[in-house]
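Chemist: Work out the full structure: start from the sequences and follow the hints.
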Amino acid sequence: MSYKYGVSVPATGSNKIPRFNAWARENLPEVEYKLPPQVPVKAETLAIRLRSSEHRDQLLAAFPATLP
3 MSYKYGVSVP ATGSNKIPRF NAWARENLPE VEYKLPPQVP VKAETLAIRL
53 RSSEHRDQLL AAFPATLP
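70 is the number that the working numbering gives the last residue of the sequence shown; the numbers go up by one with no jumps.
No lab work stands behind these hints: they were computed from the structure. One should not assume that every hint holds.
Unchecked claim - FRET-style restraints, in silico, Cβ to Cβ:
hint, residue 1, residue 2, range
1, S16, E56, 17 to 25 Å
2, Q40, P70, 30 to 38 Å
3, E46, A24, 18 to 26 Å
4, R53, W25, 14 to 22 Å
5, T14, A64, 29 to 37 Å
6, P12, K36, 14 to 22 Å
7, E32, P70, 15 to 23 Å
8, S4, K44, 23 to 31 Å
For each residue, glycine too, the CB sits at the ideal point set by N, CA and C.
Modeler: Shown next as structure tokens:
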């Protein structure tokens, strides 16, 4: 099964990928996602690929105003 769905979430600062992984493990352990290999520090969003629209809806409902 592929990651057909995508969403961009607000994320500023460095270490976006490890920060998102930590947040997702704590808040949405059942959601399957794929992140890019790297994200520039100056980028203000993080693109996330998801397996289903239900996972996208769960992520958007649980995600805070910006990445912690």
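Chemist: Which numbered hints does this structure break?
Modeler: 1, 2 and 5
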